[in-house]
Amino acid sequence: MENRIRVLLLSAALVMAGCSSLPWRDQDPEPAPEPAAAEADETPAVIEPQVERRKVKPAKVDTENWEIGATVGSLSVEDFEVNILYGARVAYHINEDFFAEGTVGSSDAGLSSFERLSGGAPLLTDNERRFTYYSVGFGWNALPGEIFLGGRRALNSTVYLTLSAGSTRFGGGDRFTVTGGAGLRVLVKDWLAVHLDMRDHVHEIDVLGSNKTSHNYEATLSLTAFF
Amino acid sequence: MARLCARALLLCLVLTAAPAAAEGLEVIVVEPYIELRTGPGRGFPIVHVVERGERVRVLKRRTDWFHLRDADGREGWVHRSQMLETLVPTGSRLEVDDPAREDFVAHRREAGLMLGDFGGANVITAYGAYAFNAHLSGEIALAHILGNFSDGQYATIGVTHVPVPEWRGQPFLSMAPARSASSPRARRCRRLSAATSSPTSAAACAPTWRGVSSFARNTKST
Numbered sequence: 001m002e003n004r005i006r007v008l009l010l011s012a013a014l015v016m017a018g019c020s021s022l023p024w025r026d027q028d029p030e031p032a033p034e035p036a037a038a039e040a041d042e043t044p045a046v047i048e049p050q051v052e053r054r055k056v057k058p059a060k061v062d063t064e065n066w067e068i069g070a071t072v073g074s075l076s077v078e079d080f081e082v083n084i085l086y087g088a089r090v091a092y093h094i095n096e097d098f099f100a101e102g103t104v105g106s107s108d109a110g111l112s113s114f115e116r117l118s119g120g121a122p123l124l125t126d127n128e129r130r131f132t133y134y135s136v137g138f139g140w141n142a143l144p145g146e147i148f149l150g151g152r153r154a155l156n157s158t159v160y161l162t163l164s165a166g167s168t169r170f171g172g173g174d175r176f177t178v179t180g181g182a183g184l185r186v187l188v189k190d191w192l193a194v195h196l197d198m199r200d201h202v203h204e205i206d207v208l209g210s211n212k213t214s215h216n217y218e219a220t221l222s223l224t225a226f227f
Numbered sequence: 001m002a003r004l005c006a007r008a009l010l011l012c013l014v015l016t017a018a019p020a021a022a023e024g025l026e027v028i029v030v031e032p033y034i035e036l037r038t039g040p041g042r043g044f045p046i047v048h049v050v051e052r053g054e055r056v057r058v059l060k061r062r063t064d065w066f067h068l069r070d071a072d073g074r075e076g077w078v079h080r081s082q083m084l085e086t087l088v089p090t091g092s093r094l095e096v097d098d099p100a101r102e103d104f105v106a107h108r109r110e111a112g113l114m115l116g117d118f119g120g121a122n123v124i125t126a127y128g129a130y131a132f133n134a135h136l137s138g139e140i141a142l143a144h145i146l147g148n149f150s151d152g153q154y155a156t157i158g159v160t161h162v163p164v165p166e167w168r169g170q171p172f173l174s175m176a177p178a179r180s181a182s183s184p185r186a187r188r189c190r191r192l193s194a195a196t197s198s199p200t201s202a203a204a205c206a207p208t209w210r211g212v213s214s215f216a217r218n219t220k221s222t
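Chains as they are written, first to last, in the working numbering: chain A, 1 to 227; chain B, 1 to 222.
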C-alpha cells in the first residue's frame with residue numbers, strides 16, 4: 001500500500017515537472033523571432049485615424065464697396081423751366097480716393113418762354129418733353145473729413161468731384177452728354193450716406209431752331225446704402 | 001394691465017441695452033501695434049492703438065480699410081497694410097483678398113464700359129465676356145451711338161482671342177457679327193417732312209435695321 005502511494009506521488013511529480021518544462025503559451029506571448037531579412041521588408045504598422053478632418057473654411061470679412069441709392073431734386077432744363085427730378089445712383093468705390101459711378105434720372109420739362117409768349121402750338125409733345133438721362137463716370141474724393149454736430153458727435157464726410165458721360169433723351173432724340181459736378185457725402189451711419197449734389201449736364205440741342213450747347217443744372221439730395 | 005405694460009417696457013429696455021451679438025470676425029493682432037482711425041482714409045486722426053496679442057473684431061472692410069472694434073468696445077478704421085499679419089483664432093492668417101496679376105490672367109468673367117467714336121458719332125458701349133480658357137472668350141456688347149443727326153444702337157455677340165495671356169499688355173483679336181438700328185432725329189425728320197412732304201423723307205424717319213457697315217456708311221453720308 002505504501003509503495004503504491006509512493007509510486008502515485010512520484011508519477012504525479014514527474015508529470016508536473018514535465019509540464020513545467022514545456023513552453024507555456026500564455027506566459028510567452030512573444031512570437032518566435034523571424035529572419036532579419038523578412039523583418040527589414042515589412043514596414044511598421046501605422047494606425048489609421050478613424051476621425052475625418054474637419055474642413056475649416058475661414059470666415060470672410062464683410063466687404064462694402066458698393067453704394068446704391070435714390071435721388072430727388074430739381075433740374076433746370078435750359079429754356080424749359082425748373083422741374084422735379086427723380087433718379088437713382090450706383091457707385092463702386094475703387095479705393096479711398098476714387099469711385100466709379102452710374103446715374104439715371106428723369107424729369108418732365110416745362111414750357112419754354114417762346115411757347116408761353118406766343119401762345120401757339122407747343123414745340124414738343126409730352127413724350128419729347130420728358131428729360132431722361134443716364135451717365136457713367138468717375139468721382140474723386142477731393143476733401144475727406146468730418147462734420148461736427150455739437151461737441152459730442154462727428155460724421156465722416158467727403159466733398160467729391162465727378163465727371164461722366166452718357167446720353168440724354170429730350171426733344172425727340174438721344175444726345176451725347178457730358179456731366180460734371182461736385183457733391184458732399186455725409187455718412188450718417190457706417191452703411192448709410194446722404195449726398196448733396198450739384199451737376200451740369202452739357203449737350204448739343206437744336207430744339208429751338210439752331211444748334212447750341214445746352215447746360216442743364218441739377219441740384220439733388222440722395223440717400224444711399226453701402227453693401 | 002399696468003404690470004403688463006411695465007414688463008413690456010422692461011423687455012424693450014433689456015433688448016435695447018443688450019450688447020450686440022458677436023458681430024464680425026475675431027482676429028489677433030500680430031503687428032507690434034495697429035492704429036485705429038476715425039474714418040476710412042489716411043487723413044483721419046488716429047484715436048486708439050491696439051497692441052500685439054490683443055483680440056479685435058473685424059466688422060467690415062471698405063476699399064483698403066478695415067473697421068475694427070476692440071475688447072473695450074472702441075471702434076476705428078485700420079489700413080490693410082497693418083492687417084496682413086493678423087491671425088484668426090485657428091492660427092491662420094486673416095484672408096485679405098488682394099487681386100494679383102495671376103488672378104487677372106485666370107479671370108473668367110469680365111464686364112466693362114467703353115467710350116469711343118463710331119464714324120463721327122459718339123458711342124457708349126457696355127460689354128460682358130466669359131473666358132472659356134486663357135486664350136478664348138465669348139463676348140456680348142451693346143452700344144449706344146449718339147450722332148449729330150441720328151441715334152442708333154447695335155448689339156454684337158462674338159469671340160475674342162488673346163494670343164499671349166501672360167503679357168502685361170495683351171493684344172487680342174475679336175470677331176463678332178452685329179445687328180444695329182438707327183433712327184434719324186425725330187424733330188429734324190418732322191421739319192424735313194413738312195418742307196418736302198415726300199414719301200422718301202417720311203420713310204427715312206422710320207427706324208431701320210441694317211448691318212454695322214451699312215449703318216456706318218449711312219451715318220457718314222448724313
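Because the hints were derived from the structure by calculation, they are not lab data.
The structure presented is a predicted model; accordingly, all values stated were derived computationally and were not measured.
For each residue, glycine too, the CB sits at the ideal point set by N, CA and C.
Any given hint could turn out to be false.
[Said to hold, decoys possible] Per label pair, the in silico range of CB-to-CB distance:
hint: 1; chain 1: A; residue 1: Leu149; chain 2: B; residue 2: Ala134; range: 35 to 41 Å
hint: 2; chain 1: A; residue 1: Asp108; chain 2: B; residue 2: Ile28; range: 38 to 44 Å
hint: 3; chain 1: B; residue 1: Leu113; chain 2: A; residue 2: Thr63; range: 41 to 47 Å
[Said to hold, decoys possible] Covered stretches of chain B, going by a simulated chain A footprint (3 or more residues, C-beta under 8 Å):
hint: 4; stretch: 35–42
hint: 5; stretch: 139–153
Structure versus earlier hints, numbers of those that do not hold, lowest first: 1, 2, 3
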